[in-house]
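Colleague: Chain by chain, the residues:
There are 6 protein chains.
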Amino acid sequence: MSLANQRVAYFNGKIVPESEVLIPFRDRGVKYGDAVFDTTRTFGHKLFKVGEHIDRLYRSLRYLRIDPGLTPSEFGRITEEIAERNLPLIGKDEDYWVTQRVTRGIDASDRGAWPDHTGPTVIVETLPLPLKARAKLYRDGIEVVTPSVRRTAPDMISPRAKTHNYLNMVVADLEVVAQNPSALAVLLDTNGNLAEGKGSNIFIVREGVIYTPVERYVLPGISRETVFDLAKNMGIGLVEKDIDLFDAYTAEECFISSTSFCVCPVASVNGARIGDGKVPGPVTHRIMRAYVDFVGFDWVRQYLDQIDA
Amino acid sequence: MSLANQRVAYFNGKIVPESEVLIPFRDRGVKYGDAVFDTTRTFGHKLFKVGEHIDRLYRSLRYLRIDPGLTPSEFGRITEEIAERNLPLIGKDEDYWVTQRVTRGIDASDRGAWPDHTGPTVIVETLPLPLKARAKLYRDGIEVVTPSVRRTAPDMISPRAKTHNYLNMVVADLEVVAQNPSALAVLLDTNGNLAEGKGSNIFIVREGVIYTPVERYVLPGISRETVFDLAKNMGIGLVEKDIDLFDAYTAEECFISSTSFCVCPVASVNGARIGDGKVPGPVTHRIMRAYVDFVGFDWVRQYLDQIDA
Amino acid sequence: MSLANQRVAYFNGKIVPESEVLIPFRDRGVKYGDAVFDTTRTFGHKLFKVGEHIDRLYRSLRYLRIDPGLTPSEFGRITEEIAERNLPLIGKDEDYWVTQRVTRGIDASDRGAWPDHTGPTVIVETLPLPLKARAKLYRDGIEVVTPSVRRTAPDMISPRAKTHNYLNMVVADLEVVAQNPSALAVLLDTNGNLAEGKGSNIFIVREGVIYTPVERYVLPGISRETVFDLAKNMGIGLVEKDIDLFDAYTAEECFISSTSFCVCPVASVNGARIGDGKVPGPVTHRIMRAYVDFVGFDWVRQYLDQIDA
Amino acid sequence: MSLANQRVAYFNGKIVPESEVLIPFRDRGVKYGDAVFDTTRTFGHKLFKVGEHIDRLYRSLRYLRIDPGLTPSEFGRITEEIAERNLPLIGKDEDYWVTQRVTRGIDASDRGAWPDHTGPTVIVETLPLPLKARAKLYRDGIEVVTPSVRRTAPDMISPRAKTHNYLNMVVADLEVVAQNPSALAVLLDTNGNLAEGKGSNIFIVREGVIYTPVERYVLPGISRETVFDLAKNMGIGLVEKDIDLFDAYTAEECFISSTSFCVCPVASVNGARIGDGKVPGPVTHRIMRAYVDFVGFDWVRQYLDQIDA
Amino acid sequence: MSLANQRVAYFNGKIVPESEVLIPFRDRGVKYGDAVFDTTRTFGHKLFKVGEHIDRLYRSLRYLRIDPGLTPSEFGRITEEIAERNLPLIGKDEDYWVTQRVTRGIDASDRGAWPDHTGPTVIVETLPLPLKARAKLYRDGIEVVTPSVRRTAPDMISPRAKTHNYLNMVVADLEVVAQNPSALAVLLDTNGNLAEGKGSNIFIVREGVIYTPVERYVLPGISRETVFDLAKNMGIGLVEKDIDLFDAYTAEECFISSTSFCVCPVASVNGARIGDGKVPGPVTHRIMRAYVDFVGFDWVRQYLDQIDA
Amino acid sequence: MSLANQRVAYFNGKIVPESEVLIPFRDRGVKYGDAVFDTTRTFGHKLFKVGEHIDRLYRSLRYLRIDPGLTPSEFGRITEEIAERNLPLIGKDEDYWVTQRVTRGIDASDRGAWPDHTGPTVIVETLPLPLKARAKLYRDGIEVVTPSVRRTAPDMISPRAKTHNYLNMVVADLEVVAQNPSALAVLLDTNGNLAEGKGSNIFIVREGVIYTPVERYVLPGISRETVFDLAKNMGIGLVEKDIDLFDAYTAEECFISSTSFCVCPVASVNGARIGDGKVPGPVTHRIMRAYVDFVGFDWVRQYLDQIDA
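Residue numbers (numbering that gives the first Met the number 0), protein chains in the order written: chain C, 0 to 308; chain U, 0 to 308; chain R, 0 to 308; chain Z, 0 to 308; chain S, 0 to 308; chain A, 0 to 308.
So here's chain C without its partners, still in its complex pose (with noise of 0.2 Å):
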């Protein structure tokens, strides 16, 4: 990629190109994961929820105490900034994530080199969706694994913050690529229930209710709650509970959500088909096309076409 063609991104109060937003290695960010983030994306080239978003972004800084120096709705201005001189540099069938960093910075005995960095790392920056990757599971549907390893527990560190510490999550990932590399993983809470994966949250249908994990588990996904607002306004029943495997291997229906995904069917679980097989499943359809109605963006036809692009 020449330097010309750079997709930019903000950091700490400039646009740069992505090849100069480069962290200090004694950032508590890079020392510690000591940062959180957030992501929308872009359907058709418009950003999703963007306040949302945001807000999320806050209730994980105010967990974890982090002062971004910013308000939300400098947040929300630099966002769309960013997304706007990045658009022109995709496709029009490509889409962004387009995402907030905040680190706490750099300790004041550790500033040496780097004197006058003084507050927090800020960061504001896109990147393409990896649509092609992901194709075949909208005609195949996901394969969910549960890793032996279990989600960290709210009383250690809260799995509702959105921060840089995701090793919980590569263990997982590692455990379950290596026995199935087209795997997704879905971690089981500390009681053995269904939790979620890599920033994505797990839903199962049975009797054409709607279930999915309680919050307190998992990071409550602006997907998840479009979901239910999606299932609201079509009266779905939508139920939030401890969800387990025997839910799971019994479900008629089963998806995921997630900012990218939105809304994916799953064929099986553990190598357990769902239901019949055949995906998605009536209820799962009918939330992907309120989903897509509601964004206005046909994101399904959009990874469908990526199969043999």
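Note that these hints are calculated values from the structure, not bench results. We treat Cβ as the ideally placed atom computed from N, Cα and C, and that holds for glycine. Be aware that one or more of the hints could be misleading.
[As the list claims (entries may be wrong)] Simulated DEER-style distance windows between Cβ atoms:
#1 S:E206 <-> R:I14: 32 to 40 Å
#2 R:K277 <-> U:P129: 46 to 54 Å
#3 U:R76 <-> C:G295: 53 to 61 Å
[What the hints assert, rightly or not] Negatives, chain U to chain C, calculated, CB over 12 Å:
#4 D26
#5 K45
#6 K48
#7 G68
#8 G75
#9 R100
#10 A132
#11 V170
#12 E224
#13 G236
#14 E239
Given chain C, put chains U, R, Z, S and A in place with the hints provided.
Modeller: Showing chains U, R, Z, S and A alone in chain C's frame:
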């Protein structure tokens, strides 16, 4: 600090001024804390147990399945060189932390602006010990406080790997320091036993025998191991077992060990004075003297000299 | 206090000066804390919800299989009488706690010196509320701190019975008060969720809805129930659910309820300021006003008047 | 019992008839069970291991941060004197429990009727052992039953402090005795291992080695420690470890130890006969004989003599 | 029983006398309990909710990934036929359990002596209800006792699948029945809440509302579901939630449901009398009457008639 | 297999062809898995440690309170006879599993068709070892995978009894084998430590010392015990302790033991190569050779010879 006087660090194959050790924000070390490190120190400008620290670094790497692209002996040589290059920059009465860090690097899909960064990110760096800031603790003893947050459980992410995921420790510190800025947070494990503080192990003494938490719930410190060896040589019993707040409150002595602290007495746990309140207690004192002899350098004096410096 | 002016109490069938309420050291209430109690208060010298408190006393008795030898209505009448007899001893601007206590009495084998003491020990007594000591909390808000000690789990001894076994609370208080003498200890339950403080329930507010821990892990306060009723009447949502430190740190408001506090705003949890730091927040304020209206007495004013008294 | 023949007790600095040991109902020992105690016994009218019991009392005091206002040696002298004064009141074939108790006293705000009671409440007292009531257990063995209630977990309130908070034991006893009035409740700990009964430790024997639960979950009995010493002297292996119902049901022998029981064989656990059903088993028998020799008094005979007395 | 009068059963495609339903010892159903079952009953010789039971059977099959080789409707027809063939063998006042069982069959490597047994083993069978043995329970109420053994946790093997692995229940029963042969063991779940007895669900009533444990920890009984429907029809509140011994001891009424019991009042839990001790309590009585009406058969009378039969 | 060549088995007092060992479907062994078993093997047609296996069988029987109606020595004689009768049916290079099984028999109320079957059901039987199917594992090492399902906790049903309740293992296997048909499932215990696989114990080696999970969470294998003895004889340290995935991933070697496997090297755990990836590692190799010497038969050769057989 002028560039001329700046410390240097090893960074992906080169030795550069610290200010040039800058990590692409898309490095997994930044985004996920997907990285490990290990830290030794110098005593009177001489490195301590480099081999043991590098062995532990490799166990952390192995746990996370990161290939550092260097052999242990290469790491040893780099460590020695970096220490040697930086020692002239500090006074005779000062010493360094010397640290190796390895991140998993940048995911293939994220390498846009850094197309050649295909391997791990490797750093070896030094930092002067905070002697003055800690000096009083050797005179007065540490105030240990146990936060309500529990140490991450081993079936989520093992505390025995020394990683860049420190938020569990960070939230514990925030909790404790908000009530008492001079206290040291020592977390309880998932069963309510004493575990560890950020980079420090805890020991108690009862009837002349030393007890310290079992390895499963804590990082097995090299200084902790040094204490094991010293105790053995002096014929002092030392037992690894689950110890809890009852043990701490009824202990005759208590101390912590860490790379930089070596051994430092604890004056109180949750405000309850340990033993008769004089620090260090007799067993702690013997361990401290033996430690000084073992490393051939009076680090106790080094700390205490800073009290009114 | 001269004997003439002494408060009286009900003690095993008689009304006597408090100084004569003396319990044989072999009473199981003394040896084992094998006893229950319940406490209401007066508002402007009028008793509050005596019936509800006595009902709860009987649930505690039932849990421990203690027969008090009195009917609930007898207990009610005694309570009224004791309050009436003692109210003349305090000022118009003061009020009482009024407490029933029942121990299991003396084991048959231990009755040597008290051969006739064959039944339970029953006390009904009063104590002036500590208005002055708490007054500032209504102006500044309470500083809540969560100790490392966990609230006793329900499969060991249920927190829902109000008994004379308070050591779990006592060790929690010792831990917290040693770091911050003005803080209120609120313990986490065995799963790491917020439970309760000594005699107080905790509530948070988020997006206008009030949340409070489920009954299983806490004493279901009569004031807590009063808050439920007031919220319902005002159309404010109130939900019992597991709430944790993430909830607390990201809450807009936080308050506690108790018989004597009624409702008192919380300013911070573990040093993290709640909301924008102004107390009481708007929802808390509405609940407090409604509580004042409901009891027909301005206890907020009563407390605040003591600040410089 | 006429006053002339009444036992005396130490009570806050004086020696008084037991009937005068009366505790103000506002004492924290009454209201909260905020008190500790320890109990030794006499063998043939001679006190046993007073020093060890007082040391343990001080560990309990330390855990609760109660200052008894007396030195251990003062406590020892008082204990001796109280025993001496009361021994003439019982027969040659009888013996005493001798107990120290310390409460935290009365809170400053509660001292209205007892203005001078500013320190702890201290009692030393005696009680004849229930020899007759237990005699058959030495012939037939104890029937141990494990209730569904779990022993209080150490991160709530440590079972290693001997306090006046016994409700966890009381509800366990109620559960067991309702089904079998002659059974002894031995609770399981929070992990489902055998813990302890009210004042008694449990041991099993397998292949000639004795096993008993680790100290963390139980009060470390002085009699338990005596068994340790006796086993060591006789070359019988004795190991502290987690033992569960599988261990109990497949044990060759089982026994309990306590101050008053010393050592008493267990005939069955949850109705499952231990070993071949003959009590005491050979290892238990050796321990019992060694215990008799060690204390120089045949307490087995003392108990058995009461069967038809 | 002469062969001529023997009940018949469906066994792998054939209807045979019960005595010919013999399972090869190498069948996984025998070796591992690797099998599921479900059981309905007749009321006045009419089958009850066959479809619901078969649906549940299929959820159990799905959980264990056993293919029964039959469709649900085939199972339904077989069930009807077996009931019909056997009903003439019992009196008018008697009724049957009718049970479907499916094992995974014989592993390929174990089929030596049964080379043709390549599929699952399928049985449908009947057994007369033990009316007489249970009759008194309807008059006096059940004595429920909670054993120390905990119900298997859902992240080990889900209690919601009805399988041939009953040892958790068996050891619980052994524990309880050894103390009280007429008691019913109801296990606590891994959190210490009430779970279920062997084939029975438990309910309590407080202030007119019925509570029963959540489905995650128990087999969701068809009779339990029937109680849900009846309560709803009568406008009686019924809530699924965690209930514990405090709830049980302070309940006004308690009852159990099961296929054969339908609804039977509980008189005591761990020896603590429920409510005022009269059975059935008013809410239980209403549910029982409604149940009788719903099935069109007075099973209460059927049981009670057996008391002196 | 013709009847003439069929293996025989002991079945309730008689020796019969295997095809006649058929269990009434009402046997509790079938309905509930209410049965225990134990299995030894032959080495070069000689039985191994029959006495130890039968002793363990009796501990399992004792745990479940099943009376087998035979003495251990009678069981021993039957075992020998059955082995002897069946050995001629296999080749010199083959060997047998020899298994005792005891069910609790048929409940009195269920004996209709089998009125005389009043005692337990007892079987002793043989099965050729699956040498060929496992041969490659000795060359390549086993791939161990830990499922998300946890091993049944000891306070639910003890893993130390060898029973017919294997569904916990079965669901674990289903989970693992769906991702990798050649992997061996080794479950974690309720604390997240390594426990055991179906019939196999696991060991790791670090710095020349062997570690294996403590007995409480696993069946104490006779082969495991044999490894203990061999290690002791060779002066190799062997320690029972909690070991977790960190231990496994950083181990130098790993192996499993079982009756049929004896000792077999593990190549990887969750896809992470153990040590340098060569199997067997040096310590494992020494144990294997010592095992071969101890039993006087080269079972390694026996397995390896089958690779291309």
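Colleague: When the hints from earlier in the document are held up against this structure, which numbers fail?
Modeller: Structure breaks hints 2, 4, 9, 10, 11.
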